[in-house]
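Work out the full structure: start from the sequences and follow the hints.
Using the working numbering, the letters of the sequence shown correspond one by one to residues 465 to 873.
Take these hints with a grain of salt, some might be off.
As the list claims (entries may be wrong) - Here are the computed lysine-lysine pairs in the DSS-like style, where the Cα-Cα straight-line distance is at most 27 angstroms:
{"hint": "1", "residue 1": "K526", "residue 2": "K488"}
{"hint": "2", "residue 1": "K759", "residue 2": "K788"}
{"hint": "3", "residue 1": "K762", "residue 2": "K788"}
{"hint": "4", "residue 1": "K557", "residue 2": "K488"}
{"hint": "5", "residue 1": "K788", "residue 2": "K763"}
{"hint": "6", "residue 1": "K569", "residue 2": "K581"}
{"hint": "7", "residue 1": "K631", "residue 2": "K761"}
{"hint": "8", "residue 1": "K557", "residue 2": "K571"}
{"hint": "9", "residue 1": "K631", "residue 2": "K734"}
{"hint": "10", "residue 1": "K631", "residue 2": "K759"}
{"hint": "11", "residue 1": "K743", "residue 2": "K796"}
{"hint": "12", "residue 1": "K736", "residue 2": "K557"}
{"hint": "13", "residue 1": "K796", "residue 2": "K762"}
{"hint": "14", "residue 1": "K631", "residue 2": "K743"}
{"hint": "15", "residue 1": "K631", "residue 2": "K736"}
{"hint": "16", "residue 1": "K759", "residue 2": "K743"}
{"hint": "17", "residue 1": "K488", "residue 2": "K736"}
{"hint": "18", "residue 1": "K581", "residue 2": "K557"}
{"hint": "19", "residue 1": "K569", "residue 2": "K488"}
{"hint": "20", "residue 1": "K581", "residue 2": "K631"}
{"hint": "21", "residue 1": "K571", "residue 2": "K581"}
{"hint": "22", "residue 1": "K763", "residue 2": "K703"}
{"hint": "23", "residue 1": "K557", "residue 2": "K526"}
{"hint": "24", "residue 1": "K788", "residue 2": "K631"}
{"hint": "25", "residue 1": "K763", "residue 2": "K734"}
{"hint": "26", "residue 1": "K557", "residue 2": "K734"}
{"hint": "27", "residue 1": "K526", "residue 2": "K569"}
{"hint": "28", "residue 1": "K703", "residue 2": "K631"}
{"hint": "29", "residue 1": "K571", "residue 2": "K526"}
{"hint": "30", "residue 1": "K734", "residue 2": "K703"}
{"hint": "31", "residue 1": "K761", "residue 2": "K796"}
{"hint": "32", "residue 1": "K761", "residue 2": "K788"}
{"hint": "33", "residue 1": "K734", "residue 2": "K788"}
{"hint": "34", "residue 1": "K569", "residue 2": "K557"}
{"hint": "35", "residue 1": "K759", "residue 2": "K796"}
{"hint": "36", "residue 1": "K557", "residue 2": "K743"}
It is worth saying that the hints were derived from the structure and are not from the lab. Keep in mind that this is a model prediction, so the values were computed, not measured.
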Amino acid sequence: MQTNLAEWARNSHDGQAIDEILRKCVHCGFCQATCPSYQILGNELDSPRGRIYLIKEMVEGKTPTAVSQQHLDLCLTCRNCETTCPSGVQYGKLLDIGRQVMADKVKRGFTERLQRKILARGLNSPVFGISVRLGRIVRSFIPKTLANKLPVARPAGVLPSGNHVRKVLVPVGCVQPELMPSIDAATIRVLNAAGISAYDLPARACCGAVNFHLDQTRPSLQQMRHNIDTWVPLLESGKIEAIVMNASGCGAFVKEYPFHLREDPVYTEKAKYLVEYVKDVAELLAPHSQELVQKFKKKLPDSVAFHPPCTLQHWQGLRPLTEKLLTELGFKLTAFGESHLCCGAAGTYSVLHPEVAMPLRDRKLEAIQAGGPVNAIITSNMGCMTHLQSGTNTPVRHWIEVVDEVLSA
Numbered sequence: 465m466q467t468n469l470a471e472w473a474r475n476s477h478d479g480q481a482i483d484e485i486l487r488k489c490v491h492c493g494f495c496q497a498t499c500p501s502y503q504i505l506g507n508e509l510d511s512p513r514g515r516i517y518l519i520k521e522m523v524e525g526k527t528p529t530a531v532s533q534q535h536l537d538l539c540l541t542c543r544n545c546e547t548t549c550p551s552g553v554q555y556g557k558l559l560d561i562g563r564q565v566m567a568d569k570v571k572r573g574f575t576e577r578l579q580r581k582i583l584a585r586g587l588n589s590p591v592f593g594i595s596v597r598l599g600r601i602v603r604s605f606i607p608k609t610l611a612n613k614l615p616v617a618r619p620a621g622v623l624p625s626g627n628h629v630r631k632v633l634v635p636v637g638c639v640q641p642e643l644m645p646s647i648d649a650a651t652i653r654v655l656n657a658a659g660i661s662a663y664d665l666p667a668r669a670c671c672g673a674v675n676f677h678l679d680q681t682r683p684s685l686q687q688m689r690h691n692i693d694t695w696v697p698l699l700e701s702g703k704i705e706a707i708v709m710n711a712s713g714c715g716a717f718v719k720e721y722p723f724h725l726r727e728d729p730v731y732t733e734k735a736k737y738l739v740e741y742v743k744d745v746a747e748l749l750a751p752h753s754q755e756l757v758q759k760f761k762k763k764l765p766d767s768v769a770f771h772p773p774c775t776l777q778h779w780q781g782l783r784p785l786t787e788k789l790l791t792e793l794g795f796k797l798t799a800f801g802e803s804h805l806c807c808g809a810a811g812t813y814s815v816l817h818p819e820v821a822m823p824l825r826d827r828k829l830e831a832i833q834a835g836g837p838v839n840a841i842i843t844s845n846m847g848c849m850t851h852l853q854s855g856t857n858t859p860v861r862h863w864i865e866v867v868d869e870v871l872s873a
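Structure (structure tokens):
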């Protein structure tokens, strides 16, 4: 795709980065077939190709509008288009830069700014935990849309006291410890069963994704630098061998710290070092599948559907590894159609854009149902879990919790 950059774009790193990515696009339109927002809305401008044109117009000097910004906002950032694209267009990075540039050029309305700021600060605040506990108490009195976002509380249980030679850090994030503390606890117990101890670092640290995707770029960058300053010394000193992520959304975002910190040379280098040691929990457990199976105390569910989150399959390319691990552990995975398609959760997207998120959720659940009866739906990301659970009575679990249960029975 040929471009004719405006002067401001020619003289800025962001403009040059956008131009480099745009030149790979050949207008083929293959991305339309796998774009979730285009599937629901049917508007060319709500597809990757359409958004690429909007970003191209902006860097060529056309003044962006609130309507243009809305089309970019409606992208779920699933990156299914990147998996589909034969030309290797880095659409995710293009969109991140395009959104940031557009945010500087188009001022959002007061209500929209307030909504995003409340979400960003609320989810990163200690008050969030209090709100969750209160919400569970008065669940029957609050709007159904909010009640559906509150998963049933499951106790974390007792943590192991094992002190293995191998140690890793399982970061305590922002939302998951309040909504589903059982996931972190299950992760620590399963790792312990594989001969790996979790380093004790109780301080909470958001990965920065929530702020970043809600236009709060500066706080997000501060969170990234804080995590780097906390985690890198643990790696360099040999106290831990890896940073283990059990939320694919967080893991995917942390692995892109070098890109987000690209204008800070010092932290870019630190981030490049860090991401070499960031692992999804499936990556770390893959060599230990048979060792774990020998310790199972009861059978796994007869049949389950595995929903691979977009941040696992399209961002990190870990779907094959994870499905292989699950199969080796003994899960009987039921195949279903459109498993590549986003479920609609996409972080805070389901709150901001329910008109797209809910049809995608229903479409995903219908596809799973059409694949045959299952005892449970398993996945690798808490956001997908809560979103899917809001539309079905079939249990939706993190696979690590299910493994923990058969180890601990």
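Within a Cα-Cα threshold of 27 angstroms, do K557 and K488 meet the stated pairing? 13 angstroms, holds
Can you confirm whether the C-alpha distance between K796 and K762 stays at or below 27 angstroms? It holds: about 15 angstroms lies between the C-alpha atoms, which stays within 27 angstroms.
Given the hint that K581 pairs with K557, does the C-alpha gap stay at or below 27 angstroms? 23 angstroms, holds
Keeping to a limit of 27 angstroms between CA atoms, is the pair of K526 and K569 held or broken? 11 angstroms, holds
Just to be careful, I want the Cα atoms of K761 and K796 compared with a cutoff of 27 angstroms; is the pair within it? Given that 27 angstroms is the threshold and the Cα spacing comes to 17 angstroms, the pair holds.
Sort out whether K631 lies within 27 angstroms of K788, counting only the CA atoms. 24 angstroms, holds
Sort out whether K581 lies within 27 angstroms of K569, counting only the CA atoms. Cα-Cα ~18 angstroms, so holds.
Regarding the pair K762 and K788, is the alpha-carbon distance no greater than 27 angstroms? 21 angstroms, holds
Please verify whether K734 and K703 have alpha carbons no more than 27 angstroms apart. 17 angstroms, holds
With a cut-off of 27 angstroms on the C-alpha distance, tell me whether K557 and K571 pass. 22 angstroms, holds
Hinted pair, alpha-carbon criterion (27 angstroms max): K788, K763. Please report holds or violated. 18 angstroms, holds
Decide if the proposed pair is consistent with the structure: K557 and K743, CA atoms, cutoff 27 angstroms inclusive. Within the cut-off at roughly 21 angstroms; holds.
Hint compliance for this structure: hints 20, 22, 25, 33 are not met, and every other hint is.
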